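Undergrad: Chain by chain, the residues run as shown.
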Amino acid sequence: MKKTLAIIAVASLFAGANAEDKIVIKGSDTLGAKMVPQLAEAYKEAGNEVTFEIAAEGSSTAFTHLQAEPAGIGMSSRNIKDSEVETFTAKGMEIKDWTGAYDMIGVIVNEKSGIEGLTLEQVEGIFTGDITDWSEVGGDAGPISVYTRNTSSGTYKSFQEMAMNKRDYGSDTQKMAGNEQIAEEVAKNANGIGYVGLAYTEKDGIKAIPVDDVELKPENAKDYPIARSLHYYTVKGKLSEAGAKFLAWATSADKAAEIVERVGFIPVK
Amino acid sequence: MKEPAFKRRGFQFLGLNTQDFIRIFFGGNASLAIVVLVLICVFLAREAFMFFPDHHKDLKTYRQSGQEFVDYIGDEITAHTNLYSSLNIAYYAEVNKSSKEEDSILRATRAVLANVENLTAKTWGRFERDLDKLEDVNDDLEDLDSESEEDRAKIPVLQAEKARLESEVDLLREKLKKEIAEVIESDAAWELGVGTAKPPEEAYPKIKEAVLFAASPEADDDHPYIENLKDVAREKKKVAAEQLVAYKDTLKAMQAAVRPLKSFHSELRDKGLENKKKLVSFSTAATRKKAWEKGAEVAEDPAEKERMLAEAAKVVIEEPDYEGINQVFYDSVPRHAELAGPFEMEMAKLYEQIPARDEVATKSAKENLKRGEVFYKRFENRLSEGREGVKEWRHDKSISVVESVSSFLFGRDWISNSSWHDFYGLLPIFTGSLLISLIALSVAVPFAVAAAIYVNQLASFREQNFIKPAIEFIEAIPSVVLGFFGILVFGETLRAVSQVEWLQWVPGFPMAERLTILNAGLLLAFMAVPTIFTLTEDALNNVPKAFAENSLAMGATKLQTVFRVVVPTGVSGMIAAVLLGFGRIIGETMVVLLVAGNKIKIPDFTEGLGVVAQPAHTMTGIIAQELGEVDAGSLHWRALFMVGMILFCISLLVNFSAQRVLKRLQKV
Chain A
33 MKKTLAIIAV ASLFAGANAE DKIVIKGSDT LGAKMVPQLA EAYKEAGNEV TFEIAAEGSS
93 TAFTHLQAEP AGIGMSSRNI KDSEVETFTA KGMEIKDWTG AYDMIGVIVN EKSGIEGLTL
153 EQVEGIFTGD ITDWSEVGGD AGPISVYTRN TSSGTYKSFQ EMAMNKRDYG SDTQKMAGNE
213 QIAEEVAKNA NGIGYVGLAY TEKDGIKAIP VDDVELKPEN AKDYPIARSL HYYTVKGKLS
273 EAGAKFLAWA TSADKAAEIV ERVGFIPVK
Chain B
39 MKEPAFKRRG FQFLGLNTQD FIRIFFGGNA SLAIVVLVLI CVFLAREAFM FFPDHHKDLK
99 TYRQSGQEFV DYIGDEITAH TNLYSSLNIA YYAEVNKSSK EEDSILRATR AVLANVENLT
159 AKTWGRFERD LDKLEDVNDD LEDLDSESEE DRAKIPVLQA EKARLESEVD LLREKLKKEI
219 AEVIESDAAW ELGVGTAKPP EEAYPKIKEA VLFAASPEAD DDHPYIENLK DVAREKKKVA
279 AEQLVAYKDT LKAMQAAVRP LKSFHSELRD KGLENKKKLV SFSTAATRKK AWEKGAEVAE
339 DPAEKERMLA EAAKVVIEEP DYEGINQVFY DSVPRHAELA GPFEMEMAKL YEQIPARDEV
399 ATKSAKENLK RGEVFYKRFE NRLSEGREGV KEWRHDKSIS VVESVSSFLF GRDWISNSSW
459 HDFYGLLPIF TGSLLISLIA LSVAVPFAVA AAIYVNQLAS FREQNFIKPA IEFIEAIPSV
519 VLGFFGILVF GETLRAVSQV EWLQWVPGFP MAERLTILNA GLLLAFMAVP TIFTLTEDAL
579 NNVPKAFAEN SLAMGATKLQ TVFRVVVPTG VSGMIAAVLL GFGRIIGETM VVLLVAGNKI
639 KIPDFTEGLG VVAQPAHTMT GIIAQELGEV DAGSLHWRAL FMVGMILFCI SLLVNFSAQR
699 VLKRLQKV
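Line by line, the protein sequences are chains A and B.
Counted the way this note's numbering counts, the first sequence spans residues 33 to 301.
Counted the way this note's numbering counts, the second sequence spans residues 39 to 706.
So that you can see chain A by itself, here it is in the shape it has in the complex:
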């Protein structure tokens, strides 16, 4: 029994090392939770002999990952920062930016809330802590509980840039680990507000509210004030061949576009 186990273990070790190329993708939770894993599955089903290693721990990790492993792919829901570009230059590396999809960040409130829409200015006020009670924005009285992503998240940063005029988050905000947790807390708290990617707004117990009177719908992507592009980042000249092939497929194939749409983003094409 033990012997057979050992043989299987050894065999699988060899299989992993030999037959296929491995693509390592790390970074944003927004891309890495659903979209990229499903793209990877479909890519394998399409007959490509590769294995994937995907880790979604926040956009900032994309860049630390790329520096350690220049052959891999980083995924980020925000633009690369100047300071990050500099760390790459300092290592003699140059970064390449691929647009993977477009995303809209939905402002969500509890479905029992009477709030039927906010202006961008009100959103800024709520998330910076200037506005602390629902009655100030036309709701029933009650202290606002604000849920945000944590600081390593690209959504944290892009929301700050697009909806908060680059101001700092209020000190009363609570930092959650991911989109799911925010949706979960808002669904359970009648005075909650938070933001999540388009793909997460369908959850029970929450509703996405219009911002500046524009509803959160894929066809409104142009007018909706809190929309952004999602990126893949690679190091020029260092990306593995399998990785390049995968990226080309993920950003252009029809099947890939279909998956992007299914998980709630807007395809590039």
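Derived by calculation from the structure, the hints in this document are not laboratory data.
Since the structure is predicted, the reported quantities are computational estimates derived from the model, not experimental observations.
Heads up, the beta-carbon is just placed ideally off N, CA and C, and yes, glycines get one too.
No false leads were mixed into what you were given.
Residues from chain B shown here face chain A by an in silico Cβ test under 8 angstroms; the list is partial:
1) 123
2) 149
3) 156
4) 322
5) 325
6) 454
7) 456
8) 457
9) 458
10) 550
11) 551
12) 635
13) 636
14) 637
15) 664
16) 666
Stretch-level coverage of chain A by chain B, calculated; a stretch enters the list once three of its residues show a Cβ under 8 angstroms from a Cβ in chain B:
17) 156-168
18) 183-189
Simulated DEER-style distance windows between Cβ atoms:
19) B:405 x A:284: 58 to 68 angstroms
20) A:146 x B:691: 46 to 56 angstroms
21) B:199 x A:146: 40 to 50 angstroms
22) A:244 x B:272: 20 to 30 angstroms
23) B:492 x A:54: 52 to 62 angstroms
24) B:179 x A:79: 35 to 45 angstroms
25) B:325 x A:197: 24 to 34 angstroms
Mind docking chain B on chain A? Use the hints.
TA: Then chain B, alone, in the frame of chain A:
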């Protein structure tokens, strides 16, 4: 000749035999552990203490870029915003009071409708999917080309499909109606949610009618009752607002008063950011240049080489002219005085016009006006501080070491990944950790100590054999499992309990959040019980048997013996147990990360014991949450290491004192 009892024989190498080697092996393992420990300490200390020079430099940048100057004005605006917000909330409390009843009905209707929809979500989903499909089929039918032979062949297939879907949709519609009618009778549908005022009793049948109307598949609009109610509420609010029109005008004037200062601030803010960019670019210029040159060296393609060298040449290493870039701030001092003076006078005049606390009716308005008084004082202070601050501010004033260290140890803000400036202040996370630990200890100690005394002294043999392993088993539960339990079960229960009416005297109830200091503290108490229990029991075991026997022999009862002889003798061991329990609690990460709510703010102690209902962040939590994202060697990374160092020191101190206390016990 007699054989010796022990014969020296067997394996020998370099004069060492097998036993020596075994001894060396075990000794080596022990010393390896110590070496690793020392290495960890050295690594931690090196990374952590490099924080202070870096932090000092960062604070210097903050000053030299003039951002510090801008923040004086920013603080003035924040103080105004806080004041305005509390007065504004008070105003709306007064206005909304007029339509309280209507609002409560509307709110209840929304809640019940949402509940009903959730409870019937499955059928809804199927119904909507079928409707979509039906629409697709209809589209297909329309698209058919009646000329084409092929298309004509499709017609019957599509027609059949359409008929099937139509009947299914009808069936589902009926089913949905039935389900809704069923569900609305259940208690779950009438769960109104946290902190919702109950609507008057006589409105319930109406609410039910409105919900049934709105939930039905055909519904497009609100029930006329609801429409009407909305209008009534709106009208009532309007009338109430007319009464308070003077108040509203004052508020509007307050908003207008701050506007010039606000735009002045945002102008300066842009300048500050620009300056910061210059400073950062200067500090990285040398490395960037070197990086391009290095890249050029390794480049094989000559064109590439040339390009990289050109890039390197483009990088100019030139120290910014600090005086020059900050001139704009020095120049703006008089302008600030020009704006702030009239602003303060205007605000004082406007604040006079705000109704006094006894002129408003609602509790919320009174509370918020009271908050407003505090905020107004703070606002006045901020303005005078700001006026002094901007006057005396110098970009080249040096920052003392004490200043830079205390801005970490006693800093009240922890802001990372900011677009403006990152602040690393320990106080919010330190108080969070401490508060959670204290709650955990104050709950765990009585339970664990009492259990230990009972098991050790009073329990029967069979009870001992059951209770001891059961308590020790707690330690085997992974903390992440406890964390999930804390979010999904415990937090939810705690919040539900806090809504119960006759418990409202408890400070902090009703709780709005489910991720709170209290939740985390109670879970940690649960985790600390086995540690404290086991060690306390050991301490009691160490009390010499003769003590208890003597006491019993003198005629003392069992309880007298336990509480007068055994426990006092073992007390130092019990103190050590509590200290080690504290060490266990303050170092725990997973539970607090998941359950404490992660709000980086010093808990608001003005709420008294109710402070436990607030969320907080902890030292361990912040390391776990932020370390993954940071660049190795950056200031943020070092700040996190410094937090780790402080945790390490606390643990060390706790262990050290525990050992000291234990030593005293052994002397007895």
